[in-house]
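> Throw the hints in and build the complete structure from the sequences for me.
These are the residues of each chain, in order.
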Amino acid sequence: MTPLQIKQITLAMNGDEAIAYAVKQCDVDVVAAYPITPQTIIVEKFSEYVANGEAQTQYVCTESEHSAITACLAAGAAGARTFTASASAGLALMHEMLFVTSGARVPVVMAVANRALSAPLNIHGDHSDSMAERDSGWIQIYAENAQEAYDTIIQAFKIAEDIDISLPILIGVDGFTISHTLERVDTLPDDAVKEFVGERCFPMVLTHEGKTVPFRLDPANPLTMGPNALQNYYYEFKRQQTEGLNVAYKKIQEVNSEYAKLSGRCYGNGLIDTYQLDDAQIAIVVIGSTAGTLKAIVDKLRGQGIRAGILRIRTFRPFPVEDIKNALRNVKAVAVMDKCMSPGGFGAPVFTELRNALYDVSPRPIIVNYIFGLGGRDSSPPELCRIYDDLARIAKLGHAEKTVTYFGLRE
Amino acid sequence: MSKEKTWKDVSIAGVPSKSSIGFLTGDWKTYMPIHDSEKCIRCLVCAMLCPEGAIHFRPEHNRVEFNLNFCKGCGICANECPAKAIVMKMPEEEE
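Protein chains in written order, with the numbering used here: chain Y, 1 to 411; chain B, 1 to 95.
These aren't lab readings, by the way, just hints derived from the structure by calculation. Careful: at least some of the hints might be erroneous.
Okay, derived cross-link-like pairs now, PhoX-like style, lysine-lysine, Cα gap no bigger than 20 Å in a straight line [unchecked claim]:
| hint | chain 1 | residue 1 | chain 2 | residue 2 |
| --- | --- | --- | --- | --- |
| 1 | B | Lys8 | Y | Lys250 |
| 2 | Y | Lys238 | B | Lys5 |
| 3 | Y | Lys194 | Y | Lys7 |
Remember, predicted model here, so these are calculated numbers, not experimental data.
Here you go:
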């Protein structure tokens, strides 16, 4: 089917509703979740679908997020397609089991409505929660708006469940900015989504009985999951797990193209999404919804003859090193915007990693860090425009006076 | 013993291709059970309570045998033996 052959229906949904709608279309067997702002609408909406008989899903209302992810892990190990959602403290409570899920190679799909972590108590959007789970072995993709949130959930099952990947995936949406903001979302017909996602497949594995069987718990073909691996083998298993992310590096791009053929929508190459970057001299690198605001600013600056561009990192894990190096090769000054902090560190997570990736590039752009938007603090277009002003000055001077800036903070 | 596998050859998520029979847990122990066949009344309380199933009665020889490949040295058998026929000792003490 091509985009022209498929009749898409336009709905008014916020990001959370768009995610729930996508999950409903993906033929999910088990959803186990616990509500937390700003993720609540996802599970509320989805439980409505189940109650109305619109989704043939086992919905498990667990007593905590630790149990929610564990239920998904167990159901996924038994061969089910599973989904959960969380945010902030809820994601933090899952921490232990996030590592078990990726290490056990169970492809759980999770939406995270990104929110600040206590204390002080704050329910609003920033990236502190999922950045704190950076090294948990999950694939991480961040959407820019409700439409992309819908599209990415559909893609997520196909990526996570690929037999050479078989890893859990986290889809991040900015709390409130995306999760609660009503937007127009073009939706695919149920059967088109079902066909695109397909049935869950399994890698084959040799069991202690000498049989080669699908990698799932099945009483007819018993196998052991989660055994201990000590000094002589743990390292090998962790290295093999990392290879799943390397495969995902390619697969995310393939799924992005394949989805574009179906829907007419694509997000850069799936890993990074650039805007006016080809001839840019100054550029901002950012994750999430802020890229949308920046596009309007870049349009304005381009009208004034300023060669400004944007690189939105869509996939944070696996980190698209080569794509970022190529995209920023000819840029003179780069500002990396981080919606979270790494207290006591030299800049925040996206900055440190991106600057590291560009260390070997010659000539190397000047790279600075802007920490912003913590606890949901708004960044208006005129404020954001000042970052491009700073970059223009840095490019002209040939060096930066300050590497890490707390942007939008009362000094 | 077979050559240890590389990261490319190990099974996904550590699914074992051998049963636990090949994984000898007996070398975890500090103390080992020393059984006195003279004192033993063949009640087999030790065999029933052994968490590893490492104690077996051989009726053909009228003997109680301890499989030290799997005995973890917990000492439950010695503690529960009504005839005090089992004592736990360090291997070097025994030698």
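> Does each hint fit the structure? Answer for all of them.
Tested hints:
For the suggested pair Lys8/B and Lys250/Y, the alpha carbons sit about 19 Å apart, so the restraint of at most 20 Å is met. Of the supplied pair hints, the one linking Lys238/Y and Lys5/B holds, its CA atoms being roughly 14 Å apart against a limit of 20 Å. Pair hint Lys194/Y plus Lys7/Y holds up; C-alpha atoms about 15 Å apart against a cutoff of 20 Å.
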